[in-house]
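Asker: Each chain, letter by letter, is given below.
There are 2 protein chains.
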Amino acid sequence: MKDLLQALRAHGIQPTAQRLAVARFVLEATAHPTADEVWEKVRARNPTLSRATVYNTLNLFVEKGLLCTQALREGALVFDPCVRRHHHFIDEKTGAIHDVPWEAVKVTGEKLLRGYEVTEYQVVMTGRKRKS
Amino acid sequence: MKDLLQALRAHGIQPTAQRLAVARFVLEATAHPTADEVWEKVRARNPTLSRATVYNTLNLFVEKGLLCTQALREGALVFDPCVRRHHHFIDEKTGAIHDVPWEAVKVTGEKLLRGYEVTEYQVVMTGRKRKS
DNA sequence: GTTCGTGCAAACGGTTTGCAACAAT
DNA sequence: ATTGTTGCAAACCGTTTGCACGAAC
Chain A
1 MKDLLQALRA HGIQPTAQRL AVARFVLEAT AHPTADEVWE KVRARNPTLS RATVYNTLNL
61 FVEKGLLCTQ ALREGALVFD PCVRRHHHFI DEKTGAIHDV PWEAVKVTGE KLLRGYEVTE
121 YQVVMTGRKR KS
Chain B
133 MKDLLQALRA HGIQPTAQRL AVARFVLEAT AHPTADEVWE KVRARNPTLS RATVYNTLNL
193 FVEKGLLCTQ ALREGALVFD PCVRRHHHFI DEKTGAIHDV PWEAVKVTGE KLLRGYEVTE
253 YQVVMTGRKR KS
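First to last, the sequence lines map onto chains A and B.
Quick note: the first sequence, position 33, residue 33 per our numbering, numbers continuous.
Quick note: the second sequence, position 14, residue 146 per our numbering, numbers continuous.
In short, the hints are calculated from the structure, not lab data.
As the structure is a prediction and not an experimental result, all values here were calculated from the model.
Some hints could be false.
[Said to hold, decoys possible] Distance condition first, Cα-Cα at most 30 Å in a straight line; then the derived DSS-like pairs of lysine-lysine:
1. A:106 <-> A:129
2. B:196 <-> A:93
3. A:129 <-> B:263
4. A:106 <-> B:225
5. B:263 <-> B:173
6. A:129 <-> B:238
Make a model of the complete structure from these sequences and hints.
Answerer: Put into structure tokens, the structure is as follows:
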């Protein structure tokens with residue numbers, strides 16, 4: 001819990017009860033939730049939390065560099081803790097989004113694209129989850 | 133124009149004036165337009181065309197395999213002709229989306245991901261367009 | 001008492017849907 | 001006459017915004 005406080009302060013975010021609740025959920029989230037999913041989940045413990053506050057808070061976190069948004073789902077943004085670079089795998093059955101470690105996949109050739117100066121990239125994969 | 137007719141028929145789509153107009157624009161589009169952009173552009177020549185028809189038509193095209201949707205833009209789907217596989221480059225200044233030839237970038241390692249069976253993938257790059 | 005965050009409700013933009021008019025077979 | 005397509009408007013969903021209340025310095 002203390003680390004959450006420090007994380008917010010380190011990013012210049014004034015901590016409030018609502019922001020801590022959102023941060024606690026979203027920074028540990030591995031599920032790439034949408035804003036509404038964050039609201040649903042966090043509201044379970046903080047019933048007075050309003051949707052607007054969740055949206056405001058998430059946008060604030062993005063602005064302050066605590067979260068990144070990803071356009072990986074059709075129709076809604078998903079939020080991802082800004083940790084080390086990684087790729088994404090999308091289960092075509094369930095739509096669930098999984099992180100893929102950066103070293104698991106190698107991309108070559110992006111440096112010498114004619115006409116483009118690539119500063120960021122990621123591989124977006126889709127397929128089925130294996131039983132194992 | 134004849135090829136458009138055949139393309140629609142080949143995909144089991146009954147051709148109508150509206151569908152041909154949409155197809156003509158979107159199949160040649162290199163700009164990855166959103167549905168509303170398609171509407172705006174096609175309406176210039178077909179002023180009676182309704183937004184609903186554009187949405188219905190685009191969804192029909194996707195259903196029938198003539199178009200693919202890509203979640204590359206925040207807040208709106210973009211449509212892409214289903215041609216050969218390719219990657220995407222997004223200009224971080226303008227948001228413009230460009231196709232990157234499949235052979236220009238190589239991805240390795242996606243076959244042996246533990247737990248995932250990858251059936252599709254693409255590299256999504258962002259950066260600046262070079263002057264050249 | 002000023003500043004900032006919250007909550008509500010209304011507004012907004014992209015998309016879908018219900019329905020009545022219509023065209024084609 | 002049946003089937004399928006169109007156009008309009010209303011509904012819908014995810015998100016933003018305006019504003020009044022309330023908490024904190």
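Asker: So, for every hint listed, does it hold in this structure?
Answerer: Going through the hints against the structure:
no.: 1; hint: A:106 <-> A:129; result: holds, 20 Å
no.: 2; hint: B:196 <-> A:93; result: holds, 20 Å
no.: 3; hint: A:129 <-> B:263; result: violated, 42 Å
no.: 4; hint: A:106 <-> B:225; result: holds, 26 Å
no.: 5; hint: B:263 <-> B:173; result: holds, 28 Å
no.: 6; hint: A:129 <-> B:238; result: holds, 23 Å
Against the hints set out earlier in the document, a violation occurs for number 3 only.
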